[in-house]
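Construct all of the structure, not just a fragment, from the sequences and the given hints.
What follows is each chain in one-letter form.
Protein chains: 2
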Amino acid sequence: MHERHPTAQVVQVHDRIFLVDCGEGTQMQMSRFKIRRNKISHIFISHLHGDHYFGLAGLLSSYALNGRTEDLWLYAPAPLQQILELQFQAANAVLPYPLHFVALQGEQDLYEDKRLVISCFEVDHRVPCWGFLFREKKKPLHLVGEKLKEYAIPSSFYRQLKEGADYITKEGFIIKNEWVTEAPSPSLSYAYCADTAYMESLAGKLKGVTLLYHETTYLAASQEKAFSRGHSTTVEAASLAAKAGVKRLLIGHYSSRYEKLDEFLEECRPVFRDTSLAIEGVTYLVS
Amino acid sequence: MHERHPTAQVVQVHDRIFLVDCGEGTQMQMSRFKIRRNKISHIFISHLHGDHYFGLAGLLSSYALNGRTEDLWLYAPAPLQQILELQFQAANAVLPYPLHFVALQGEQDLYEDKRLVISCFEVDHRVPCWGFLFREKKKPLHLVGEKLKEYAIPSSFYRQLKEGADYITKEGFIIKNEWVTEAPSPSLSYAYCADTAYMESLAGKLKGVTLLYHETTYLAASQEKAFSRGHSTTVEAASLAAKAGVKRLLIGHYSSRYEKLDEFLEECRPVFRDTSLAIEGVTYLVS
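Chains as they are written, first to last, in our numbering: chain G, 1 to 287; chain L, 1001 to 1287.
Source of the hints: derived by calculation from the structure; they are not laboratory data. Heads up, the beta-carbon is just placed ideally off N, CA and C, and yes, glycines get one too.
DEER-style ranges, computed between Cβ atoms:
{"hint": "1", "chain 1": "G", "residue 1": "E163", "chain 2": "L", "residue 2": "Q1081", "range": "53 to 61 Å"}
{"hint": "2", "chain 1": "G", "residue 1": "L285", "chain 2": "L", "residue 2": "G1106", "range": "53 to 61 Å"}
{"hint": "3", "chain 1": "G", "residue 1": "K260", "chain 2": "L", "residue 2": "K1114", "range": "42 to 50 Å"}
{"hint": "4", "chain 1": "G", "residue 1": "R32", "chain 2": "L", "residue 2": "K1114", "range": "40 to 48 Å"}
{"hint": "5", "chain 1": "G", "residue 1": "Q81", "chain 2": "L", "residue 2": "F1101", "range": "21 to 29 Å"}
{"hint": "6", "chain 1": "L", "residue 1": "F1101", "chain 2": "G", "residue 2": "Q89", "range": "14 to 22 Å"}
In silico DSSO-like pairs for lysine-lysine, Cα to Cα no more than 30 Å straight-line:
{"hint": "7", "chain 1": "L", "residue 1": "K1260", "chain 2": "G", "residue 2": "K39"}
{"hint": "8", "chain 1": "G", "residue 1": "K260", "chain 2": "L", "residue 2": "K1039"}
{"hint": "9", "chain 1": "L", "residue 1": "K1034", "chain 2": "G", "residue 2": "K260"}
{"hint": "10", "chain 1": "L", "residue 1": "K1034", "chain 2": "G", "residue 2": "K34"}
{"hint": "11", "chain 1": "L", "residue 1": "K1260", "chain 2": "G", "residue 2": "K34"}
Computed far set for chain L versus chain G, every beta-carbon distance over 10 Å:
{"hint": "12", "residue": "V1011"}
{"hint": "13", "residue": "I1017"}
{"hint": "14", "residue": "S1041"}
{"hint": "15", "residue": "G1067"}
{"hint": "16", "residue": "L1074"}
{"hint": "17", "residue": "H1142"}
{"hint": "18", "residue": "F1173"}
{"hint": "19", "residue": "W1179"}
{"hint": "20", "residue": "S1201"}
{"hint": "21", "residue": "L1219"}
{"hint": "22", "residue": "F1227"}
{"hint": "23", "residue": "G1245"}
{"hint": "24", "residue": "D1274"}
This is the structure in C-alpha cells:
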C-alpha cells in the first residue's frame, strides 16, 4: 500500500550482513537496493504473519537455483520448519546448501562471533513473536603508543594490557593499566522489536541500546485498536525509548491506512526527541 | 531478473476475471496494473514451483485483511492445501471468506457457467503440472430480423430458432432454420500451457485454439537443457502451435539467463508466424 513493501531489514555488522524478517518481495527489493544477498548466512524471522516471512521461501529457492553451497542458518518460530519442508517437497527440491533451522524459544543467545552476540527476546503480539538484539561485545582497551614506549612495555604483553591487566616490570614496579590505555569506543547495539503491543518490561532488557527499532503501526489516537491487535502507537514506542534510555529510536511498520507519515514523527518527538522514520531503502547508522 | 517478475496471468472473459498462477509479488503487480483483485473468485495454480505460487498466501491473506466475504475457489495441486492450512494456522488466521480448495487431477472440467467452460489437462514438467483451457461454449445462432418478419415467425419461437430448430407454420409449411439465421460469432478459446517440456500429444487437445500461451524458457540452441529441466524451446512451442493449428501463439517464461527477448520471436516466427512475446502488464486479446 502506498508503495510500501512488507517488512525486511538488513543489519550489517562489520563485514557481515544479517537479514531480519523477509516479507513478500524482499528478493526484488534486495536487487533494487543492491544488497549482496549471497553474503547473508543468518536469517531471523520474528513471527509467522505473512508480511514478515512470505518472501522467505522464494529467497531460499533462489539461493538453490543459483547454486549456493554455503551453510545458511534460519532462526524462526518452530512451525516454519514444516511449512518450508512441505514447500520444498512439493517442488521436488533438494537444497544444494545446508539449511540449519533453529526454532526460537524464550530468551536466548542465537549467534556469537568474536565481536558480536545476537539474542532473541519475546514480545507481545497475536502470535508467538520475538525481537532480536544485536550487541557488540565489550571492546578491548585502546593502547596509547607513546605511553607504551615511555614505560618500555614489551609488545608480547599488549594483548593482556588490552584486556585490562597491569604490567609489572622486572624490577617489580607496577605500571597501572589505566596509565597506558584509554577506554575503547563504546559497544554498539541494535534492537529490533518486531510487531508488538506496548510492553513496559522491554525497557529493562533494552537499557541503553544504541538504536531501537520499534513498530508504530498506529498514531496515538488509535491506542485501543493498537492494543487489541497487538501493535503499538507512536507515543507508546517513544515512551519505551525514553524509559529504556536508548540513544536513538527508529519507527516503522505503519498501517496502510496512513498515506503520509509526518504525524508519526510529530507525535514521537515530544516524547523522545531523536526519532527517525524507517523508510524503504534507507540505511541507518547505529552510532 | 532483468526486471521480470514470476508468473501470473489474469484472464478476462466477458465480465469475469480469473487468476492463473500467482508468483511472488503478484499482489503488487496487480496494484501496479490496476487489476480489480476483488473481482477474482477463481484462482488456478498450475504447479508447485515457487515462481508460480509464492504470491498466493499473501494474496489470500490480503483478501482476509480487507474483509472479503465472497467465496473463493482455488484449483491447485493437492499438496498446496496443507501448506496453506499450516500457514493460516501459524498466523492464527481464520479466513472471513469461504475458500474452496479443488485438487487438480488428470483431465477434468473445473468451472462452467452459461458461456464458458474451464478445464485442466496434464503437462510434462518436473513436478505434477497442469495446463488450463478456457473455452467459450457454442454460441446461439444469430437471428436475421427481416427474415423473421418475412416469414412472420412469432417471437415465442425465437429461442428454439437460436438453437437450430426449423419453424412449422399453422399451414404446415416448413421454414428452414438456415433461411432465418446466420452462424454465430466463433467460440473463442485460450490455452495456458504452464511449464512443460515439448509434448506433441497436446496438439490434438488444443486443436484450433484461438490463443495458445506456451512457455519458451530457452532458445532453440538449449533444447537438451530444456528437455532435461521439463521446459520448452522457442521452436518447440512454435511447432506445437503449428501442429495444433491454433490461431495465435503467445510465448513467455523466459529464463533469467536471457536479458533481451528479440531472439525468442526471431526463432518462433519462421515456424509459426503469428507469435507474440508475453510482456508484463500487457493485455492480449483472444480474437
